[in-house]
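Student: All chains, full assembly: derive it from the sequences and hints.
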Amino acid sequence: MDNQMSETLVRTGPGTALGNVMRRYWVPILLSREIAEPDGPQVRVQILGEKLLAFRDTDGHAALIDEFCSHRGVSLYFGRNEKNGICCGYHGVKFDRNGHCVEVPSLPKTREACKHLDIKAYPCIERGGIVWAYMGPKDKQPEPPNLEWCNLPDSHVFVSKRLQECNYLQAMEGGIDTSHVSYAHAYEVASDPLHMDSKALKYFADGNVIFEVEQQPHGLTMFGRRNGEPDSYYWRITQWLFPWYTLIPPFGDHAMGGHAWIPIDDENCWAWSINFHPGRPLTEEERTALEAGKGIHCEYEEGTFRPKANKDNDYLIDRQAQKEMRTFTGVFGIATQDTSLQESMGTIQDRSKEILLPTDRAIVMARRMLHDAAMANTLTPDAEPPAVHADRQFVRAAGVLLPRGQQPQGWAAEHLNNGKDKPVFSV
Amino acid sequence: MDNQMSETLVRTGPGTALGNVMRRYWVPILLSREIAEPDGPQVRVQILGEKLLAFRDTDGHAALIDEFCSHRGVSLYFGRNEKNGICCGYHGVKFDRNGHCVEVPSLPKTREACKHLDIKAYPCIERGGIVWAYMGPKDKQPEPPNLEWCNLPDSHVFVSKRLQECNYLQAMEGGIDTSHVSYAHAYEVASDPLHMDSKALKYFADGNVIFEVEQQPHGLTMFGRRNGEPDSYYWRITQWLFPWYTLIPPFGDHAMGGHAWIPIDDENCWAWSINFHPGRPLTEEERTALEAGKGIHCEYEEGTFRPKANKDNDYLIDRQAQKEMRTFTGVFGIATQDTSLQESMGTIQDRSKEILLPTDRAIVMARRMLHDAAMANTLTPDAEPPAVHADRQFVRAAGVLLPRGQQPQGWAAEHLNNGKDKPVFSV
Amino acid sequence: MDNQMSETLVRTGPGTALGNVMRRYWVPILLSREIAEPDGPQVRVQILGEKLLAFRDTDGHAALIDEFCSHRGVSLYFGRNEKNGICCGYHGVKFDRNGHCVEVPSLPKTREACKHLDIKAYPCIERGGIVWAYMGPKDKQPEPPNLEWCNLPDSHVFVSKRLQECNYLQAMEGGIDTSHVSYAHAYEVASDPLHMDSKALKYFADGNVIFEVEQQPHGLTMFGRRNGEPDSYYWRITQWLFPWYTLIPPFGDHAMGGHAWIPIDDENCWAWSINFHPGRPLTEEERTALEAGKGIHCEYEEGTFRPKANKDNDYLIDRQAQKEMRTFTGVFGIATQDTSLQESMGTIQDRSKEILLPTDRAIVMARRMLHDAAMANTLTPDAEPPAVHADRQFVRAAGVLLPRGQQPQGWAAEHLNNGKDKPVFSV
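Protein chains in written order, with my numbering: chain Y, 1 to 427; chain C, 1 to 427; chain V, 1 to 427.
Careful, some of the hints might be misleading.
The following label-pair restraints were derived from C-beta to C-beta distances [as the list claims (entries may be wrong)]:
#, chain 1, residue 1, chain 2, residue 2, range
1, Y, K120, C, E384, 21 to 27 Å
2, C, D318, Y, R326, 40 to 46 Å
3, V, T304, Y, D2, 35 to 41 Å
4, C, N84, V, P230, 36 to 42 Å
5, C, P108, V, T304, 56 to 62 Å
6, C, D318, Y, P281, 34 to 40 Å
7, V, K109, C, N268, 55 to 61 Å
8, V, E143, C, P108, 46 to 52 Å
9, V, E284, C, P108, 47 to 53 Å
10, Y, P281, V, K109, 47 to 53 Å
11, V, T283, C, G13, 34 to 40 Å
Since the hints were derived computationally from the structure, they do not count as laboratory data.
Positions of the beta carbon are idealized from the N, C-alpha and C atoms, including for glycine.
Tutor: In structure tokens, the structure reads:
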């Protein structure tokens, strides 16, 4: 990929082409429980290169405003969250959740006198245990996000996030690139009792996977074909939902998986990981395992969302375990495997040096869709990017046995990509 | 403030306009006790962007020379302090406190043979427990500093310094900006038995402070008016002494306070903190409290002058204590409150984004005086900056009750700003 | 030295003039025991600014290839070392020790299909417990290195390496500059029972050393003259072997010493330290001491080759010991003394500020030889640099008593610089 295209795809700060596109969607900002209490501690967050402050006001509204006071530039992190606003710790200048300056001790208490001190604020909503914000132009604000896991009861969903210390794109490409599962996660997947069953294991033993990709209005549908029963193929159907979501098929009645890959700045991203079951609450056993960092989740450095296994400790690589084929790469855990590989590419992968392979077709297509949307935004800022409408966002991943003669595209179109009327469970 | 003016005010390295101005004054370098013993360990110090080495020579003179040997550029920190000079650890090249190269093992022991190896050295004096250096042009060296706390008996003074990890200007502006006391330090000041008494507390309860500023030959005098007794106002009068000193009024017979804000480089400064009483020794109780880091002083990371509460640990913020109104910002200690707020503005505040308020008038005036002096130096390097003469440096802060009809400027001119003949005590 | 010449001498990355010259020699890469086992853990190494991966393949060959997979740029450190190659942890793309891509899961298993994925690989050999690589043009590969310590039995040699956090040149200049021994290492050398004997100590007491240097086809021979017996001088003869080796004379029957100063990148280097005795195995006592970090070796931070005494802890400087003349600089250990002084010059010494002395003649000559070779390479890339042929590399250091009337150059030419037929032992 040439450098110019790469620059377009990896830069998402204010005023960048792709940054403008991403600001047309609701953005996952932080876990609702990070600002659990009204008037509780405010939290610094950086998203799409913007330094922001999240808090819950007295009335219980989640809020997201500029981190810094407009007066002298002091961080409002050192302010007071009280009486429906954040009061700057330096001189008591106060802002509400709309960014309105509602009090300046040395000025009259009128809107007129204070409004030139107003700061940036983004509308927030809460779905699926996450505070989402809309950071784009006011007149383009879309309906609330309609991903399946957003709208299930709390009991059916488990959400975590972890810091990944590289550009969002190479992290997300790992989510799109289903072909790496057979290598990076080979022994991990096979030994996971929570997510695999004997049937899935049997199908998975077929290493000769055939990949197909189909461009969709919502993004991409990826198909991976393995031998199933004598008269059928086992198809694993994965989704990429523009601009930053991926969906992972379950095995049998296990929970489904999903990710959101959200830029913090151009050299860091949040890897959100979601497990959910559309038809039942997660079991106690499942929830305990997920909370312990199993599956696509991880353990953290105390008091942070930085993984305990990180680049400073070589991801706790265990060469003996690698030798004994208990882990393919020497690193344990799906999340850590992906992180170690992707961070090792550099904080921003130099894509001018890569040599793509046939299995990278989905990545190429996703890059092109992102690039097209960025170019469209440059030419026509009003242009509507893909899947910005809620009704495009209800898609599913699935694993399914189909007769050997049947192509999976039609089945997917009917069962996975057309809205919430036809929930489908996977084999 | 535009970027060009900001650049002028924050850059103080060699050859900068304001750096030239600052080099016309005696500069506080380090505590005398840091180089307590003749021929004791030398100490690396960086001041105004210059890397220097302080030591006490065999004869007991404090000395300040270039940190690096002129021969191969090795740090003289790894040399030997002995026989009235520092001997480089690499090849034994030796320098005395005047920077004269007095010995090169491979050259004849004559001044003529060695003088091309001479290094930078600055004249030093000691006052108030501090080693001061004059870093400016030789023919402009002024009389020794004449601040009141410089010339009191040791028993009457307590001095400390702490590293502040931001530009000196935003730190000093905090010292000039008396309006923040009612917010950042609100609960701190009110709960400090050592510095407040019941009368002061009564006056301080008046949150509606009226601020006035007056430009002076020595810098600025700031006046803060609160209700006093029925027929009087309680005036708190604070001083800014060009280019980097601030003076804080005492309450009643408590010790006075002062600061010096000295650039280390453009992203760090020394915040010197002084308490002193012109009329009596500090009590044992006072000294014990100050040594423990109370008041405007602080506790340190072991073996350093970096505060124990610093940006790496979010200044030990305590949200519960903030909630319970035991601290306004969540951070404890006047020094730490100022540091946390000022460091959060970035290492060099982006002043193009600030929106100043009526209470910032003193800051605006101080900036203008600094800028004027810098511009004057650019046009006429010989120009004399404010208060370079010792007789301009003896000024005082005070708290005083004045009849409601009386303006404080005249009182201050008579009692505070005109030299040492009329010591005044404050209410 | 002007900045342009300095740039030429300190830059050794791919495509630089001196980097090209250095790539004409076998380069010490890592200890053989770092990749002890066939199919054992691979090791990341950076040499001459190139990020590389060293491993031992199934057949036992040491190998050095690009650190990163040609497919997506992932570090092969997170791959599998098995079946004569490294298999990338992301998608199973596999490379052998020649850098040939031997397997791409999604491509046919033919050379033709895979060869566009080939990566950089350098031929390796092992000598003296070290893996060496040839990183230059294929048609210029010289005979294996012929330094004396390379070709002795394991029993006769002890090799260590340590990270030095500065440019290789200022580290190597310390090795060339024998005049610093009388200062930096003064008390260290005198108190070392393993390397000194009473006779050497007697000669060494003469502080008035006369230095001479002679340019050689292999580099430089440095002569240091002290008073010996009444009718003789004690000459210490040190060698610099182009481009990065130094050799240290022994005392009596003690082991000889040597160093290699290898650029990691422009701000770090490996200081290799070698002790060897051409005529006998090292004794148990000697080996124990060397393994404990005595002499020119050092102790490490656990699990690394970074010295335990390093710039983060001021090299464990002990001012009391310095005062008591147990160490000249306050730092203990020859390696640590050199490192502390040389790192204190900055990661790349600013040579425009140095003032050279008569004792720096060897340094000036070495710089000129390096510069000449770099310029020659720029004009004629085929030009042959000094001592690239093995028969030029067998030189020795020695300490010898010569009659007062005899110059040492002739003696050295006959006994030290002309190949392996005439081993000479030193007094």
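Student: Starting from the hint list further up, note which numbers the structure goes against and sort them upward.
Tutor: Numbers 1, 5 and 11 - these are the hints that the structure violates, sorted from lowest upward.
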